Amino acid sequence: MKLPKETNPGLGIHGRWYDDACGTAFAMELIGERWSLLIIRELMFGSRRFSDLRASLPGVSAKVLTERLAGLSDAGVLKRRKLPPPVSAQVYELSEWGYAAEPLIQELGRWAAMSAQHDPTLPLSPVSLMLSMRTMFDQEKAQGMDSEIGFDFAGEQFIATLRKGALQISRGELREADAVFRAPAAPVMAAMLYAGVPVSQLEDEAGLVIEGDRERALAYADIFELPDKLA
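Numbering follows the working numbering, with no gaps: position 47 of the sequence shown is 49.
Everything labelled a hint here was simulated from the structure, so no lab data went into it.
Given the structure is predicted, the values throughout are model-derived calculations rather than measurements.
Do not rely on the hints blindly, as some may be mistaken.
[As the list claims (entries may be wrong)] Capping the alpha-carbon separation at 27 Å, the derived lysine-lysine pairs in DSS-like fashion look like this:
hint: 1; residue 1: K81; residue 2: K65
hint: 2; residue 1: K143; residue 2: K231
hint: 3; residue 1: K143; residue 2: K166
hint: 4; residue 1: K65; residue 2: K84
[Stated by the list, open to error] DEER-style ranges, computed between Cβ atoms:
hint: 5; residue 1: D21; residue 2: V211; range: 49 to 57 Å
hint: 6; residue 1: A197; residue 2: L85; range: 18 to 26 Å
hint: 7; residue 1: G214; residue 2: G17; range: 52 to 60 Å
hint: 8; residue 1: V211; residue 2: L124; range: 35 to 43 Å
hint: 9; residue 1: G61; residue 2: T163; range: 46 to 54 Å
hint: 10; residue 1: R82; residue 2: L232; range: 34 to 42 Å
hint: 11; residue 1: E217; residue 2: P87; range: 42 to 50 Å
hint: 12; residue 1: G34; residue 2: T163; range: 32 to 40 Å
hint: 13; residue 1: T163; residue 2: D76; range: 34 to 42 Å
hint: 14; residue 1: D21; residue 2: G146; range: 15 to 23 Å
hint: 15; residue 1: P200; residue 2: S75; range: 22 to 30 Å
Every residue, glycine too, gets a C-beta built ideally from N, C-alpha and C.
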(Lines of atoms letter the chains of each structure in order from A and count residues from 1; the text may use other names and numbers.)
(Lines give C-alpha, C1' and ligand atoms only; values in the text may rest on other atoms or scores of the structure.)
Protein backbone atom coordinates (compact mmCIF):
# COMPACT_ATOMS: atom_id res chain seq x y z
CA MET A 1 0.00 0.00 0.00
CA LYS A 2 1.36 3.38 -0.95
CA LEU A 3 1.26 5.91 1.84
CA PRO A 4 -0.30 9.27 1.03
CA LYS A 5 2.30 11.98 0.53
CA GLU A 6 1.73 15.04 2.64
CA THR A 7 3.63 18.17 1.71
CA ASN A 8 4.11 21.62 3.15
CA PRO A 9 3.80 23.98 0.18
CA GLY A 10 5.17 26.84 2.28
CA LEU A 11 8.51 25.13 2.83
CA GLY A 12 9.32 22.91 -0.12
CA ILE A 13 12.76 21.90 1.15
CA HIS A 14 12.50 18.30 2.29
CA GLY A 15 12.89 16.10 -0.78
CA ARG A 16 14.31 18.74 -3.11
CA TRP A 17 17.61 16.86 -3.56
CA TYR A 18 17.17 13.29 -2.42
CA ASP A 19 13.41 12.56 -2.32
CA ASP A 20 14.16 10.65 0.88
CA ALA A 21 12.25 10.72 4.18
CA CYS A 22 15.42 10.10 6.24
CA GLY A 23 16.24 12.90 8.68
CA THR A 24 19.87 12.80 7.55
CA ALA A 25 18.76 13.51 3.97
CA PHE A 26 16.63 16.39 5.19
CA ALA A 27 19.55 17.79 7.21
CA MET A 28 21.74 17.74 4.11
CA GLU A 29 19.04 19.55 2.17
CA LEU A 30 18.98 22.22 4.87
CA ILE A 31 22.69 22.73 5.52
CA GLY A 32 24.51 20.69 2.89
CA GLU A 33 25.33 23.59 0.57
CA ARG A 34 28.86 24.94 0.75
CA TRP A 35 29.39 27.39 3.65
CA SER A 36 25.99 26.79 5.27
CA LEU A 37 27.22 24.76 8.23
CA LEU A 38 30.19 27.09 8.77
CA ILE A 39 27.83 30.07 8.90
CA ILE A 40 25.88 28.27 11.62
CA ARG A 41 29.17 27.59 13.41
CA GLU A 42 30.11 31.26 13.37
CA LEU A 43 26.80 32.22 15.01
CA MET A 44 27.10 29.76 17.91
CA PHE A 45 28.33 32.46 20.31
CA GLY A 46 25.69 35.03 19.42
CA SER A 47 24.58 37.44 16.73
CA ARG A 48 26.97 38.75 14.07
CA ARG A 49 26.88 41.37 11.36
CA PHE A 50 27.32 40.51 7.71
CA SER A 51 30.80 42.04 7.79
CA ASP A 52 31.72 39.94 10.85
CA LEU A 53 30.74 36.75 9.04
CA ARG A 54 32.75 37.70 5.96
CA ALA A 55 35.80 38.43 8.12
CA SER A 56 35.49 35.03 9.82
CA LEU A 57 34.91 33.20 6.52
CA PRO A 58 37.28 35.00 4.13
CA GLY A 59 36.78 32.43 1.37
CA VAL A 60 33.08 33.15 0.90
CA SER A 61 31.95 35.82 -1.56
CA ALA A 62 29.40 38.46 -0.58
CA LYS A 63 26.95 36.99 -3.11
CA VAL A 64 27.20 33.45 -1.78
CA LEU A 65 27.03 34.60 1.83
CA THR A 66 23.87 36.58 1.05
CA GLU A 67 22.32 33.55 -0.62
CA ARG A 68 23.21 31.20 2.23
CA LEU A 69 21.90 33.58 4.87
CA ALA A 70 18.63 33.91 2.98
CA GLY A 71 18.29 30.15 2.60
CA LEU A 72 19.02 29.46 6.27
CA SER A 73 16.57 32.18 7.26
CA ASP A 74 13.83 30.72 5.04
CA ALA A 75 14.45 27.31 6.60
CA GLY A 76 14.09 28.70 10.13
CA VAL A 77 17.69 28.04 11.15
CA LEU A 78 18.53 31.70 11.69
CA LYS A 79 16.82 35.08 11.78
CA ARG A 80 17.63 38.71 11.08
CA ARG A 81 17.39 41.40 13.74
CA LYS A 82 17.88 45.15 13.63
CA LEU A 83 19.90 46.61 16.50
CA PRO A 84 18.43 49.76 18.06
CA PRO A 85 20.06 53.21 17.74
CA PRO A 86 22.73 54.39 17.94
CA VAL A 87 24.03 51.19 16.32
CA SER A 88 21.15 50.64 13.86
CA ALA A 89 22.87 47.67 12.26
CA GLN A 90 21.33 44.41 11.02
CA VAL A 91 22.62 41.24 12.62
CA TYR A 92 22.03 37.55 12.07
CA GLU A 93 21.44 35.13 14.91
CA LEU A 94 20.48 31.50 15.27
CA SER A 95 16.99 30.40 16.16
CA GLU A 96 16.49 27.99 19.05
CA TRP A 97 16.53 25.21 16.45
CA GLY A 98 19.72 26.60 14.95
CA TYR A 99 21.53 26.51 18.29
CA ALA A 100 20.48 22.87 18.64
CA ALA A 101 22.91 22.07 15.78
CA GLU A 102 25.98 22.46 18.02
CA PRO A 103 26.25 18.73 18.89
CA LEU A 104 26.16 17.99 15.16
CA ILE A 105 29.07 20.37 14.55
CA GLN A 106 31.00 18.94 17.49
CA GLU A 107 30.59 15.32 16.43
CA LEU A 108 31.44 16.09 12.80
CA GLY A 109 34.60 17.81 14.03
CA ARG A 110 35.51 14.92 16.30
CA TRP A 111 34.91 12.39 13.52
CA ALA A 112 36.94 14.37 10.98
CA ALA A 113 39.83 14.76 13.42
CA MET A 114 40.18 10.96 13.46
CA SER A 115 41.57 11.17 9.92
CA ALA A 116 45.32 11.37 9.40
CA GLN A 117 44.56 13.99 6.73
CA HIS A 118 43.22 16.42 9.32
CA ASP A 119 45.62 19.36 9.63
CA PRO A 120 45.20 21.38 12.86
CA THR A 121 47.68 24.01 11.63
CA LEU A 122 45.40 25.36 8.88
CA PRO A 123 43.65 28.74 9.39
CA LEU A 124 40.57 28.80 11.58
CA SER A 125 38.32 31.42 13.12
CA PRO A 126 38.19 32.30 16.82
CA VAL A 127 34.70 30.79 17.05
CA SER A 128 35.93 27.57 15.46
CA LEU A 129 38.74 27.33 18.01
CA MET A 130 36.47 27.98 20.98
CA LEU A 131 33.95 25.40 19.76
CA SER A 132 36.79 22.93 19.37
CA MET A 133 37.54 23.37 23.07
CA ARG A 134 33.98 22.39 23.96
CA THR A 135 34.47 19.35 21.70
CA MET A 136 37.97 18.16 22.58
CA PHE A 137 38.34 18.77 26.30
CA ASP A 138 39.06 15.78 28.52
CA GLN A 139 36.57 15.66 31.40
CA GLU A 140 38.79 13.39 33.48
CA LYS A 141 41.72 15.81 33.27
CA ALA A 142 39.38 18.68 34.08
CA GLN A 143 38.09 17.15 37.33
CA GLY A 144 38.95 19.30 40.32
CA MET A 145 39.85 22.34 38.22
CA ASP A 146 38.15 25.65 38.96
CA SER A 147 39.20 28.38 36.55
CA GLU A 148 38.06 31.27 34.41
CA ILE A 149 40.36 31.65 31.43
CA GLY A 150 40.09 34.52 28.98
CA PHE A 151 41.00 34.60 25.30
CA ASP A 152 41.64 37.66 23.16
CA PHE A 153 42.22 37.23 19.43
CA ALA A 154 42.84 40.71 18.01
CA GLY A 155 39.99 42.11 20.10
CA GLU A 156 37.56 39.20 19.80
CA GLN A 157 37.15 38.06 23.40
CA PHE A 158 35.84 34.90 25.07
CA ILE A 159 35.63 33.54 28.61
CA ALA A 160 36.01 29.84 29.36
CA THR A 161 34.63 28.80 32.76
CA LEU A 162 35.70 25.41 34.07
CA ARG A 163 33.75 24.11 37.06
CA LYS A 164 33.35 20.53 38.35
CA GLY A 165 34.51 18.98 35.11
CA ALA A 166 32.14 21.06 32.95
CA LEU A 167 33.30 23.68 30.47
CA GLN A 168 31.22 26.71 29.49
CA ILE A 169 32.40 29.26 26.92
CA SER A 170 30.87 32.58 25.99
CA ARG A 171 31.80 35.98 24.65
CA GLY A 172 32.53 38.40 27.45
CA GLU A 173 34.76 40.78 29.35
CA LEU A 174 38.08 39.45 30.60
CA ARG A 175 38.43 41.50 33.79
CA GLU A 176 37.50 38.65 36.15
CA ALA A 177 39.59 35.98 34.42
CA ASP A 178 42.26 34.11 36.38
CA ALA A 179 44.48 34.18 33.30
CA VAL A 180 44.24 35.47 29.74
CA PHE A 181 45.71 34.15 26.51
CA ARG A 182 46.24 36.88 23.91
CA ALA A 183 47.20 36.08 20.32
CA PRO A 184 47.01 37.88 16.98
CA ALA A 185 44.93 35.02 15.54
CA ALA A 186 43.26 31.80 16.65
CA PRO A 187 45.71 29.43 14.85
CA VAL A 188 48.43 30.51 17.29
CA MET A 189 46.42 29.07 20.16
CA ALA A 190 45.45 26.01 18.13
CA ALA A 191 49.13 25.29 17.52
CA MET A 192 49.63 25.14 21.27
CA LEU A 193 46.54 23.02 22.04
CA TYR A 194 46.57 20.55 19.16
CA ALA A 195 49.83 20.69 17.19
CA GLY A 196 52.27 20.37 20.09
CA VAL A 197 54.14 23.61 19.40
CA PRO A 198 55.98 24.66 22.59
CA VAL A 199 54.52 27.62 24.45
CA SER A 200 57.90 29.35 24.59
CA GLN A 201 58.22 29.16 20.81
CA LEU A 202 54.79 30.69 20.29
CA GLU A 203 55.62 33.47 22.74
CA ASP A 204 58.92 34.20 20.99
CA GLU A 205 57.79 33.85 17.38
CA ALA A 206 53.99 34.08 17.07
CA GLY A 207 52.88 36.82 19.45
CA LEU A 208 51.29 34.64 22.13
CA VAL A 209 50.99 36.41 25.49
CA ILE A 210 49.86 34.82 28.77
CA GLU A 211 48.65 37.23 31.45
CA GLY A 212 47.71 36.46 35.04
CA ASP A 213 48.11 33.04 36.64
CA ARG A 214 50.44 31.32 34.18
CA GLU A 215 50.35 27.97 35.97
CA ARG A 216 46.56 27.88 35.86
CA ALA A 217 46.55 28.92 32.21
CA LEU A 218 48.92 26.12 31.20
CA ALA A 219 46.97 23.59 33.26
CA TYR A 220 43.84 24.62 31.36
CA ALA A 221 45.62 24.23 28.02
CA ASP A 222 46.59 20.69 28.96
CA ILE A 223 43.00 19.36 29.13
CA PHE A 224 42.52 19.30 25.35
CA GLU A 225 43.41 16.41 23.09
CA LEU A 226 42.53 15.35 19.55
CA PRO A 227 41.07 11.83 19.18
CA ASP A 228 43.17 8.89 18.02
CA LYS A 229 43.52 8.47 14.27
CA LEU A 230 41.36 5.74 12.73
CA ALA A 231 42.01 6.41 9.05
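Each hint tested on the structure:
no.	hint	in the structure
1	K81 - K65	18 Å, holds
2	K143 - K231	20 Å, holds
3	K143 - K166	11 Å, holds
4	K65 - K84	21 Å, holds
5	D21 - V211: 49 to 57 Å	54 Å, holds
6	A197 - L85: 18 to 26 Å	38 Å, violated
7	G214 - G17: 52 to 60 Å	54 Å, holds
8	V211 - L124: 35 to 43 Å	23 Å, violated
9	G61 - T163: 46 to 54 Å	32 Å, violated
10	R82 - L232: 34 to 42 Å	41 Å, holds
11	E217 - P87: 42 to 50 Å	46 Å, holds
12	G34 - T163: 32 to 40 Å	34 Å, holds
13	T163 - D76: 34 to 42 Å	36 Å, holds
14	D21 - G146: 15 to 23 Å	53 Å, violated
15	P200 - S75: 22 to 30 Å	45 Å, violated
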